[in-house]
Structures are given as C-alpha cells and as structure tokens.
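S.K.: For reference, the chains in residue letters:
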Amino acid sequence: MKVFMRLLVLLLVVLFVLPLSACTSTNGSSGAGDEAKAGEANIAKKNPGSTADSPITLRVMDWSDSVKTIREEFHKQFMAKYPNIKIEYTQLTVDQFKNTILTAIQSGRAPDLFPIPSNVKLATAVAEGWFQPLNPYLGEDFLNQFADGTFQNGITSFDGQLYAIPETASLPSSLVFYNKTLLKEAGYDDKNLPRTYTEFRAAAKKITENGKGKYYGIVEGGKQTGRWLMIVRDWSSLAGAGLNSTSPINLADGRTTYNSEPVTGVYSLFKGLADDKSFHPQTMSISAPEARALFGQGQAGFIVQGAWSIGVWNKDNPNLDYGVMAPPVPDTGRKGSIELAGSLPWMGISADSKNPEAAALYLKELYTGDYFQKARVSSGDAFSLIKGINEQYATVPQLKAYYELAHEYGRTVPNPAIRNPKSPGVFEYYKDVHPDLGELLAGTVAGAVTDYTGQLGNYSEQVGKAWTTAIDNAKKAGVQVDEDDFVFPNWKPMADYTPEDYAALK
Amino acid sequence: MEKAMVGTINQRAVSGTKAKRNRKALWCWLFVAPNLIFYLLFQGWPIVINWYYSMLDWSGISSNATFVKLDNYTRLIADPYFWKAYRNSFIFMLQAVPPLLVLSLVLAATLNNPLLRFAKLYRTLFFIPVIATTSIVGMIMIFIWGADGPLNYALSKLNLPGGGINWLSDGRTAMYAVIVTYIWKNLGMNMIYWLAGLQSIPRELYEAARSDGAGHFRTFYHITLPLIMPIALVILLLNTAGALKVFDLIKTMTDGGPFFATDVVSTYIYRYAFSSEMGVPSMGYASAAGIFFAFTIVILAVLQGLIRKAVLRTWGGDNS
Chain A
1 MKVFMRLLVL LLVVLFVLPL SACTSTNGSS GAGDEAKAGE ANIAKKNPGS TADSPITLRV
61 MDWSDSVKTI REEFHKQFMA KYPNIKIEYT QLTVDQFKNT ILTAIQSGRA PDLFPIPSNV
121 KLATAVAEGW FQPLNPYLGE DFLNQFADGT FQNGITSFDG QLYAIPETAS LPSSLVFYNK
181 TLLKEAGYDD KNLPRTYTEF RAAAKKITEN GKGKYYGIVE GGKQTGRWLM IVRDWSSLAG
241 AGLNSTSPIN LADGRTTYNS EPVTGVYSLF KGLADDKSFH PQTMSISAPE ARALFGQGQA
301 GFIVQGAWSI GVWNKDNPNL DYGVMAPPVP DTGRKGSIEL AGSLPWMGIS ADSKNPEAAA
361 LYLKELYTGD YFQKARVSSG DAFSLIKGIN EQYATVPQLK AYYELAHEYG RTVPNPAIRN
421 PKSPGVFEYY KDVHPDLGEL LAGTVAGAVT DYTGQLGNYS EQVGKAWTTA IDNAKKAGVQ
481 VDEDDFVFPN WKPMADYTPE DYAALK
Chain B
1001 MEKAMVGTIN QRAVSGTKAK RNRKALWCWL FVAPNLIFYL LFQGWPIVIN WYYSMLDWSG
1061 ISSNATFVKL DNYTRLIADP YFWKAYRNSF IFMLQAVPPL LVLSLVLAAT LNNPLLRFAK
1121 LYRTLFFIPV IATTSIVGMI MIFIWGADGP LNYALSKLNL PGGGINWLSD GRTAMYAVIV
1181 TYIWKNLGMN MIYWLAGLQS IPRELYEAAR SDGAGHFRTF YHITLPLIMP IALVILLLNT
1241 AGALKVFDLI KTMTDGGPFF ATDVVSTYIY RYAFSSEMGV PSMGYASAAG IFFAFTIVIL
1301 AVLQGLIRKA VLRTWGGDNS
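In the order they appear, the protein sequences are chains A and B. Note that the working numbering has the first sequence beginning at 1, numbered continuously upward. Note that the working numbering has the second sequence beginning at 1001, numbered continuously upward.
Mixed in with the good hints, there may be bad ones.
Each computed PhoX-like pair below joins lysine-lysine, with the alpha-carbon atoms no more than 25 Å apart [said to hold, decoys possible]: (1) B:K1084 with A:K465; (2) A:K277 with B:K1157; (3) A:K315 with A:K184; (4) A:K374 with A:K81.
By construction, these hints were calculated from the structure, which means they are not laboratory data.
Sequences are here, hints too, so could you generate the full structure?
M.R.: What follows is the structure, given as structure tokens:
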C-alpha cells in the first residue's frame, strides 16, 4: 500500500509540477520581452546579430511564393551577415496562411514576423494584440526611405504607432495575362485583343477548340476561393458595381447590391466559359501557384493573376511569349474602375516575439538592404516602395505594362479607415456570410450553382443584415463609428478619390 | 465455541480478501490514472468548456466574448449549409463503412488462410497506406484523381468509361473519389482488426466442421460469423465514429468542395472556427456546431449499443 501511495504521489507531483514549471518558463520569457520593450532607448546600440549575443531563431511566415528563390537567397545572405540569427521561414498559400496564422496566434505560437492576413483588418489585429509597435525598433532614417504616403494613419498606423509595413507598391491582381502564341493561333494579336465579355468568351472557346485537349482557353487556381472573390470584386467594379475590399457595402450608396447587373454579368461570363468547357480541366482542383505553372507551360490562353507572376514566368519559363491586358468589360462598355487600394499593411512583428530587435533588423535588411528590393524589382515581381529602386531596376516590359494598365483601369477608392480611423473596429463584430461571392463563383464554374442571381440576392440580403448588426454591436461596445463613415456620396467610380474629396465630406 | 472460531476465521478471511481486492483496485487505478488525468485535461475539459463556448459570440482570437445563450444554435439550425454538411457526413459514413468492413473482412479471411503463401508480405502491403500520413495521401490522390492523372489515363487506355471525368472538380463524383480513397487508406487497419478476431477462433472448430463435410461458406456462416460478431460490432463502432469525424482527407483532397459537395461537419466547423473573409472567425458558432454534431453521435452510439445487445442475443454470443 505504501508503495502504491508513493507512486501515486510521485505521479501527481510530476503531472502538476511540470505544467507549473512550464508556466514559470513562459512568465520568464514574457518578462524578457518586457525588458526588451523597457530598454527601447538602448535598442539602437544593440546588434542582435553579432556573434557575442546568444543564438536567436527568427521565425518568419508569409505567402510570398512568387519571390521564393530571391527570398531564400536573401535569408542566406542575412544569416551569413548575422551568424547568430537563424531564419526559420515558412511559406504557405494565401488560403493556407489565413487559417494557419490564426491557429498559431490562438495557440500562442505566432511567428516573430508575419503579415496581416488578407481577411483581417489591421485595426482588429492591433486591438487583439497580435502585433507590437514598430517605432521603437525602426528609426525615422529607415522609414524616410519609403515613398511618400506609404504609411497612413488608420491603414498602417494607429494612434501614432506604426504596426505594419506594406510589402510592395499596391497593384490590383485581377489583370489578365495571355499567351501570345495561342492567341495568335486563334486569330488575335496585341492590337486586336478581346475587350468585351462576348469577345473574351469567344476567344477562350476558340483557343480551347484549337487545343484539342492539349491546351485550353483559361486556367485558374479554383481551389482558392479568395482568387474568385477578387475576380468578381474587381471585374464587376469595372462594370460599375462599386464593390471594394474595405467594406461589404457599395461605398457610394451604402447598399448591398450583389445581385445587380454588373455583378451578375461576371457570373454569366464565367458560367458561359464553363459551359463552353473553356476552363482547363484541372482548374477546380488546383491552387493559384499551380495554375500559374500550367499557364507557364503553355496549357492555357488566359489566366487572371497579379504582377508577381511575371518574375516567376520569366525565371521558370523563359520561352513563354506572353502579354498582359485589362480584364474584359461588359458589351455595353466600362462603367467603373478597379480598386487601387493605395498602401496596404503587410508585415509586422508579433506581440509575443522574444526577439523584436532581430525581427526589426530583418525588416531593415529586407527593405533597405543591398539585395532583396533590387532583386525583386529586377525579376519583374513588383514595384518597390523604397525610393529610387524602381527607376533603376524596373526594366521588365510586362511589369511596366501591368503598371500602366493598372493605372489606366484602376482608381483610388475612398477608404473608410482614412475618414475615420476607428471605423475598422466594426469588423470585429462583422460575421462573414457563406457562401460568399468567391465561393458562389467557384460553384458556378464547377456547375454546382445554376441560379446565381437568386443566390446573390440572398447573399445581398444576409450581408445587409450582418452589416447592420455589426455596426449596432460596435456602437454598443463603444466604437466611435457611424453607418455614414462607410458611405461616400461624392465618389465617382471613374475618378480617383482625393484628400479634397475626404475634406468635402466634413 | 467452534462456531465462533469458524465465524472469526471466516471474518478474517473475508476482510483479508477485501483488503486484497482493494489493493488490487488501487493498483488498477494507479495504472489508469495517467491516462485518465490526461483524458480529463485534454479531452474532458475541452468538451465541458466547449458547451460554454457554444453559447458565446466569440471569435476565438479576441478577449471580447458576449454570452448569447442559444443564439448560435438557432443560427446553426437555420443554416442550410450546416444541414448539407451534416447530411454529407452521414452520406460519407454510410457509403464508406459498409464496403470498408466487407472488403477488409474478405481480405482478412483470405490472408488468414494458413495455406496462403507470403501472407505476411500481403498483410504488410495492405497495411502500408495506414501508416502513410493522411494529408500526404490526400495530396497524392489529388494527382491520381486529377483530370489528366494516372487514373483517367488508365481508364482511357483501357477504353473504359470515365476517362474524361474531373473526379474531384465535379460535384457528382468528388464524394465518391474521397470515399474510395478513405476505404483504401483504412483497409489495412480494419484487416488487422478482423485478423485479430479470426485468429482467436480455435482451429479445431474448422477441422471439426470440415470433417463433418461443411464447405467454406457454411463454415464461415455457422462458425466464423457468430464467433467474430462481438468484435465486428466494436469494429463497426470504431469505423462509424471515424467516418463521421473525417477531416484531414477531405481538407486536403477537396477542402469540402466543389461548392460544398464534400463539405462535412468537420470542415464546416473548421471554416467557421479558423477562417474569415472580412470579419473575424466565429469560434462560438463553430463550437455550437461541434456540440450539436457530437450530440447526434452520442445518440447513435447509444442506439448502436442497443442494437449490439439485440444482435448478440440473437447470435447467442458473449454478451459481455
């Protein structure tokens, strides 16, 4: 019996003391974080990468697959320069990242550096304590190297504190890349590209017919519903829908009209493409990077992608002859513009990071170091936000064409966060409605949704209710916000929304 | 006097036996304790707290949580996509478990034949998919079931129908593709369960049956089946529970698509608990979905227990 009691006591001691010791260790590390924050004045003097420091492992996670090679080279150079810092880099697709980062944060295992997920507002992330302010670690000298207007209150900063740095100069990711060889075979050339829905559908059909099972009209990463959502949002905005990424309502009138003609027109086009069997057969079971690879191999005439694809194709498919064109517009013509989002928050330092100085050093090297920004722009992946880089290194013709088209068809839209920096607080109370626009378009292409007009009407109604509830709950919780903060009656979809327009509303 | 002595001796013997039994029980508890404590910490407590979460309007990432009573359940019951996922979970279970049990039994019975050469090798081969990570199996299966994957290539080369089907992209075929993969992946494990049952049947019974002139079918029906019935019901329970909570295979192969055609309750819960588009995730709502579904499974388990008793009575097997 005594033996039993001893064993039982020992077991209980092990079971209860172990978690306690784990807690002690956690508290200790958080204390270290506090100490780091307290010693902000000395941070500039510290060199976290020097060999004198104890080894540091910096965990970084994002979805920048298009610059993977350049990023890996950057990490190699970084670790050679700072031998005491080891980079653990995890790269996911956007959709994977959205889910993974939330679970990482929930379990207290957030990486030291991670971008704000595209589905979460920075205001929410800051309110939830995901990120820590960057100002103590990144001096004015560093921030001054960015293009004017990069950092904006309500977008990247709150209450005078900077929380996230934008990745690149923001461009829409819904322009259409085309395979010149396949289009030429179908009777098109650079000066005679399909401009309208009818022409686009006909071109895709013709390419598919010519392909005889070897190539198809269009390929998409159909598994990523976020890509479908972005297509509907941008293409229907070009048709005058007034949709945007800053709120679920039409910024001009505050209504939710997802079953309006500009939106249903996009669904009709994609249903037509599916009916014609113009989509690459793998479309619905692959991700965007996989679709990009198939386009690179000449298996499709069109693909809707962002500028980041240019660098990938130029590196992986040097023989691919391709160009970029604007999205097609309704047969009745263009009635709106694609949203130019301006500055978008990206990378921040986790509030739980035990190595904020090392994380800041990483950011400094990433943006103002000798390698990464230059290599990225040279590859044709994107335009840099660092002054002087684009002028010297942006030489890829497709990237230039993409930029010009984006600015020809894109306009700066009103941003409620600029009008009222407290307004993003509403999204803490907003409940997404499913199936959303992207899921419905994916369903339409897959043939599972036939009555998309009815479904969109239902979606409009539910989003309207969810939005009203969110505003009401936010107000009740003390968020200083009003429905009118999201309505801009002086917005003209064919023109840029300027600071004067914001001022005119006051 | 004698009676009193006998009584004392008996009392001592009884108390001695009782002490021995208590000691034995305590040792049993000691051995069970680690498992029990970990169960309470990592299974019991989450289940209990989930009841509470299911009544909160909470994102799971925020400190803001509002008690909303049964609102999440009301919202859940009104969502047709929850019922679609709910129905899909049962469709998956009903279409996956019976063939899985039958095929694995046939396989086990075949491999249990002492005359079969290389039986161990075959067992190993059939068991390999079990040890493969499900997510990796899912990724490979996307390629195999792909529109221009090896399956379609084989079908078209053999001039069989189905060569041009987009198995995973078509709402009519995606569920079947996932079910077939699930059966293949779990066949080996069920084969082991059945083998354990089959190998517990004394060989003499078969020899006696054979000497009485019984054929393979009659031997199987009159000897094998009644004797493995108790283990069969356990295997059925394990498979039913496993199929109802399928997640990783569907997540990797179809992510519930195309357009929710393979969406089951697990993927539905995951979608609401860990992802969002403009707002924040709905952990409270996802918890309500989890509790609601778990409640259904509990009812099923009780029903299955009752059926088990009835079946065992009918077949005259062990009712323990």
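S.K.: Output the numbers, in ascending order, of every earlier hint that fails for this structure.
M.R.: none
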